[in-house]
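A.B. asks: Grab the two chains, each in its own frame, and use the hints to assemble them into the complex.
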Amino acid sequence: MRALERKLLRDLRGLAVQAAAIAVLVACAVAMFVGSVATWRALARSQARYYETHRFAQVFAEARRVPEPVRQRLAAIPGVATLETRATGAATVRVPGSDEPASARVLSLPPDGAHLNVPYVRAGRTLAPGAADEALVSEGFAGANRLAPGDVLDLVVNGRRQRVRIAGIAISPEVVYAIRPGDVFPDDRHYGILWLPREALAAALDLEGAFDEVSLTLAPGAREEAVVAAVDRVLTPYGGLGAYGRDEQVSHRFLTDEISQLKTMAAVLPAIFLGVAAFLVSLVMSRLVATQRQQLGMLKAVGYSSAEIGLHYVELVVLVAGAGACLGAIGGAAMGQGLARTYADFYKLPVLVFEGDAAVVAIGAALAVGGAVAGALGAVLRAVRLPPAEAMRPAAPPSYRRAAIERLGPVRLVSPGARMVLRDLSRRPVRALLSALGLALAIGILVVARFAGDAMDLMFTRVMGEAQRQDATVTFTHTLTDAAATELRALPGVRRVEPFRAVPATLRSGHLRHRTPLLGVDVDAALTRLVDADGAVVPVPPGGVVLSKKLAELLALRPGDALDAEVLEGRRPVLRLRVAATVEDYLGVQATVARPYLAAALGEGALASGAHLALDPRALPALQAELRARPNVASVTLRAATVAAFRALIAEFLGIYLGVVAGLALAIAAGVVYSSARVTYSERERELATLRVIGFTRGEAWRIVAGEIALHVAAAVPAGWLVALAFVVYTAGAASTDLYRLPTTIARPTFATAALVVAGGSALVTLVARRWIRRLDLVEVLKSRE
Amino acid sequence: MSDARPPVFRARGIEKVYRMGEVEVRALRGVDVDLYEGELVVLLGPSGSGKSTLLNILGGLDAPSAGTVSWRDHDLATRDDRLLTRYRRDHVGFVFQFYNLVPSLTARENVALAAEISEHPLRPEEALERVGLGDRLDHFPAQLSGGEQQRVAIARAVVKRPDVLLCDEPTGALDAATGRLVLEVLDRVNREVGTTTVLITHNASIADMADRVIALSDGRIVRERVNATKKRPAELSW
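As you go down the protein sequences, you meet chains A and B in turn.
My numbering puts the first sequence at residues 1 to 786.
My numbering puts the second sequence at residues 1 to 238.
Chain B on its own, in the form it takes in the complex (with noise of 0.2 Å):
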């Protein structure tokens, strides 16, 4: 990707540190990036490197210790709940490792939690329909396999047209076969849609369908690379 472009996001010498009980956890320790519209982004490191801690500050859910984030206009640093409520709601799109549905709403209902609050949305339907679930529309979670859980989570955070689509660990809790299905999901919407990607894995393999690929290790980046052709998941193996 050229760097000529403005960044969407842009961030500097964000840190984190949380408390965890009586531990004091330093997540991030100074992260510099900038993230362009459009592309397919792998965040890759092991777990505690601090991505998800990244991902969760570029998404408006957590907000950096210290150090300057925003998207476009939008500054992700601040405390301000509604602010970031605002940029959530109109802008991005997540999905999470756990899938985090709804266990009293069948899949449509679930999708339409996010449709409704949103300004332009896909109709319910037609968001599980391009994940594949057209005839899977009234299922509750329990009924339905993992990798349908989560293809409802995409669904879910696609159906509000968001203009980032934040992925944790997406397939982490996904047999291989499953798991390359969920990424073609989610290929298909940033090809299709253009909607900018950042997908969260410790698994190096996936990273090959990314346009460009970030490492951390240890709350800092410490690679970057560009992919000079992407990989279609289909084509990926683990």
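For reference, chain A alone in the conformation it holds in the complex (with noise of 0.2 Å):
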């Protein structure tokens, strides 16, 4: 080995605590990505292989009523492979022991099982040939609902009573996710999938010899568009509600969503805790070359060169990253397996596909281990462009003067250990910035690792408390005139009602889509509002549509630009409709427009598709008993219910995610915080033994360091609030789907904790330089001259 490396192994040595929080920082960094992208990237194979295995459609098109015969037709079409039919409609159902009403879609299973769209049983077995009162539930309303094979449920499928009893408990991948039509969310416990044999459904929902839905793959090099297209043409006769690909999908789109989600996480949270790192390592590294400037200009002296020179503290940094590198990357991988387990099993996928990364396990590690370099290279290139001979001497003394400070107040009250701090402070600001800037950014990531926590308390006040005000939503199972829906008010507890109508359109701005319902309320309903991101409640223009924002996004649209609104049902005519307002909220997108101007453009009457109901809550039993018996209800939404458990399925998604985020932040913001206090300490070392040698005592010593540390920290709970606020915006911007954006808020208490957690570590790291102060061997300072 060779003497410069012996040195470099030896210096390692010397600072093993100092390396140790460095190499803790960049691992915890480098965990973070590598954990993250694993896990996204391990969710997007399995979702993907889950529908391979289990044939997920790639096209869909629902209509009123098509005959069998006309499956020819389509099965003909160029590009399609496989093509399946089948009769769905929806139904009421009666959960044994249990008075909240329940709904589900019932989908018929082919006598020789499913072609497309395969139900994965999980518990009992798939339905018997010839067995006619059978049925395969949905996993997530079975397990809501405490359902088990051989339990019998009571169905009301179009008008008529039917009673099932279950076979078997089932997933498939196009209900991933069972999201009620025109609800942005899932609600396990009130809505679910049930699979019946065809031949018994298709006689409850008077769909004999004939079916309502159709889904199909693609043959290779198929053009999705063009077989879209001829669908519909055959099928619009039928009252065809328009096929659609995988992307309007609804359990599709929210799945990969959610993963495209995670995905950005992915990116965000490592990019910033990476960059916080970099920029961390880099400063203490480039302190910690100024501090072996004598040595490096001895070395030079001696005839070493720049590069050699260079290489050698480069060496240095390498080592100390590329453990925290290495180590990282084991952690990492550990905790993108475990975190891709937990999400397999939260999304109910049957397989789960982790494969190591090595490239992401190289880019985190490079991407680590680079900034350390960067950051240490400008210390070691400053320090190499001195001639030697400056090197070695000890630096010029700093010009100090007055700090602006003193001359505002009487100096004499400040000690002169105060007054050395102050003064250093208005000499060299940037040094004290950028310790100030280290913990500000610990701030900042542990901020930023619990605001989606805040974020959703606020979007679900706005929600619930603002905007969607309702106790309950009923839906027709066919549109009904106003009178129908406003007859409702003289059932029991109900104090107000407002109808809405809801059409199933595809907006089009150009080239850009987007499938979503209009929906038509009244102006002065009080019931549901649109609340903008202020509160400010946006008024229902009797003219023109108001847009969600991201839908605006999504279609490239501002207020004052016009758009296409294709309608799905009825006569399906195209609307023509102005941009009146859009509207930042935060559940999912809407278009909404005023009922009147709805009718006007569809050309009917008053009709509407639903209601939304004020109850008290005491009469509640009796108007489901109510509600129940209505053979056009076709589903009531209880809307505490529903939001508490997309809350709840919300918290949980991001929950398991950011916990271990916060974990890793904390690790982070303990290496920032040593490390900002260790070179304080180590930049004063050589003036605190002189103060010692003058006759300090130790705690007059310490005290200089501790008023040092002390205002890096009072500097940095402001620029860490700063910090946290870009960090926030940042990540929220990013995460932001069309089914729910989080808002830009931090939470007082989530900023004190974060800003606690940094002041109380660097209180605690300042006792612990008590022990460095005793430990200070004051000849052996102060015999080295720099």
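Among the hints, erroneous ones may be present.
What the hints assert, rightly or not - If you anchor each label on the Cβ, the simulated ranges turn out as follows:
(1) B/Gln143 / A/Arg748: 54 to 60 Å
(2) B/Asp135 / A/Ala374: 44 to 50 Å
(3) B/Glu129 / A/Arg427: 45 to 51 Å
(4) A/Arg774 / B/Asp135: 32 to 38 Å
(5) A/Arg428 / B/Gly194: 47 to 53 Å
Hints listed in this document are in silico derivations from the structure and should not be mistaken for laboratory results.
Where a beta carbon is used, it is the ideal one built from N, C-alpha and C, also for glycine.
C.D. replies: Listed below in structure tokens is the structure:
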């Protein structure tokens, strides 16, 4: 081993604690990166594998009633590989032992088993051939309602009461999430999927010898748009609602959104963490190199070239950061595997495809080590650029002045120690700023790791308290007259009824399109309102459409622009609508118009698809019994229960990930706090020794270090708030989907906790600094020239 | 020494101005000097006289602000770091007042540090034996006395068989007895190997061991003398 390499190893041993702190920092950042990326990649692969093994269709179409022979024409469309028809409908479900209303989508299963969208039976068995009264129940619904094979359910399908026995519990790629049409999120307790035998279900739905839904896969090389158009041409005479591809399939969209949100988080948060780690490592490294200025000069004097010296210090950095990166990669891979397993269970994916990603590990490690090297390189370059004679001389004493603050007040009141700190601050503000910035970044990552919880609280307060204040929402099996809707007012406990009209539509702007219902509401509606981010109510204009800001973004529209709404029912008119306003709501995306305006555009009278109700909670059981008895009521949703369920869902989804993130943020913050204090101490070591020689007590010397660290913390708290805000804005922006948006908000307790963790940690390290001062070897420090 | 031989070092009109914080320091104010192969020259002068600056420029550790200076065909007034590094690496050995040893390396390793980058070095052990430290090879600087540390520094300087040995106050931090020991080592290297040696001191009695003494004051050469008879370091007293 060469002498220079020996020096490297021995230096490293001398810097053990500091090097360990840096390595931990790098390890956390790399673990975060590797773990996050590995997780979403595993989920994306598992999703693809699941779709493949259970033959998830690629194009879907619904119609009113299509005679079975039409199937041949659909199958003959060029580009269609496999095609399956089925009968589908809505059902209200009476869950044994529960009074709460539940509804379900009922899907027929062919007698010889499904060829597409194949249910995967998790418990029990599939339907017995010829058994008319058996059903498969979706796992989410079964789980939320504690249903097991053998249980009996009472259904009302198409107004007919029917009793079925549960044969098995199943999942399917088309309903990874079971979301009630018109809803924006799943509610497993009140909504599920039931698979029934084709013949029995067709009979109940009056669809004997016919179908109302078709799904298909595409042949290799087939163009989806062409197939969709051809399917539409065939189905339009039969009341086709417009075929669509996977990207508009609700469950797929939801799952893909969540995975892509995880992907964004996997990019954004680790990027922040890696950036913070690189900054801190470079800060510590540059100061470390600065303390070796004299040795560096000697090496040059002996004849080592700048490149050789540079390489020597780079090796030091690479060893420290590299060790951290290795540790991080191992930890990250383990974390990725654990997280992916948890998420696969959470999404009920039957397969988990986790593959070690060497490239991801390599990229994460390269980023971390590169950042560290870049930081140290600056200090090395500065040092080797000095002529060696100058490098070996102690640096010229920096020119100090009275600090501005001293001129303001009576100096005599300030101790010499405090004066040293103050003058240093005014002489070298950048150094103090960098230290404060390091701590501020620590505060920032602590906040960003926890902000999603705050954001969700605000989101739900806004949605529940201000925008959607109805107690229940009733949807009808078909559109009813207003009179039929307002008649609900007479039911027990109903205080207010606000009918709404929802029309399935595809919104188009240029080449951009989005499938979402056009929602007609009354201008004076009080139960459901459009509420902007600042809490202001946006009135529904008598003409024009109000879009969720996210929807406007997706369609690249601004207020004043026009869009086309292709209505997917009835005469299927195309409405030209002007965007009257956009509203920054958080949950789902909506296109809202005034109900009379929608009725006029559709050429229909005052019709309602459902109604929002305000209720007296005491009358709820009686009301539910009444509603169940009404054949034209398709579903009843209790808002509070649904939103609570969704909240739990997102909380769990994000919570798993953010819990890990918070742990790593804490470790990084600890590394930052320690390194920062250590650097502050090292830079003053010589001064402190001098003071001790002069006769300062240990306590007096310590107070100087403590004072300086306290100043850094004091500056870091307000700066940390700004840093945190920037991180939060960036993360929330990146994590926004059409499913939900996180408001950029930081709750005071979150910020206070983060600031306290950093301040408390700094205080703790400051106490440790007493030991550093006790161990200060006065002779040794003063003997060396610098 | 005869002026008939061509000088190895040749400096003309060199000036050096430093900025120390807010103060401008004129360390050299037009120095002309020639140094010859194999001679032992003492640069004498009080602190601040510019002797260290001159030595640093001769050693390629620093570049003059004005003037020309060369060693054989090497231009030392250049600011090209690569050329100066090459010059130091191949031709110069340094000894500093404060030793400048790497505290994390043993005596042998500190010497190896220099040996490893030179073309035809001595073995580090041999260099340490020459300075009388053959039995302290694996001691760390902290385990050695000041005189021993300085001898390690000398071993580090001579291990690469330099053409020039430049010593900045090598005895400045040592007591007289130890100082004499160190000077003896330097004297021996000069005599036995014929290395051109420049030695800085503010201690006039050390000047008696030199072939030639150049006195500086306030950045200028104020006096120069050739010693008719050199004293042995053991005969010096201060």
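A.B. asks: Evaluate each hint against the coordinates.
C.D. replies: Tested hints:
1. The hinted window of 54 to 60 Å between B/Gln143 and A/Arg748 holds, with their beta carbons roughly 58 Å apart.
2. Distance hint for B/Asp135 and A/Ala374: a CB-CB separation of about 46 Å, consistent with the stated range 44 to 50 Å.
3. A C-beta distance of roughly 50 Å is found between B/Glu129 and A/Arg427, which places it inside the suggested range of 45 to 51 Å.
4. Judged by the Cβ atoms, the range 32 to 38 Å given for A/Arg774 and B/Asp135 holds: they are separated by roughly 36 Å.
5. Checking the proposed 47 to 53 Å range against A/Arg428 and B/Gly194 shows it holds: the Cβ atoms sit about 50 Å from each other.
Of the numbered hints listed earlier, not one is contradicted by the structure.
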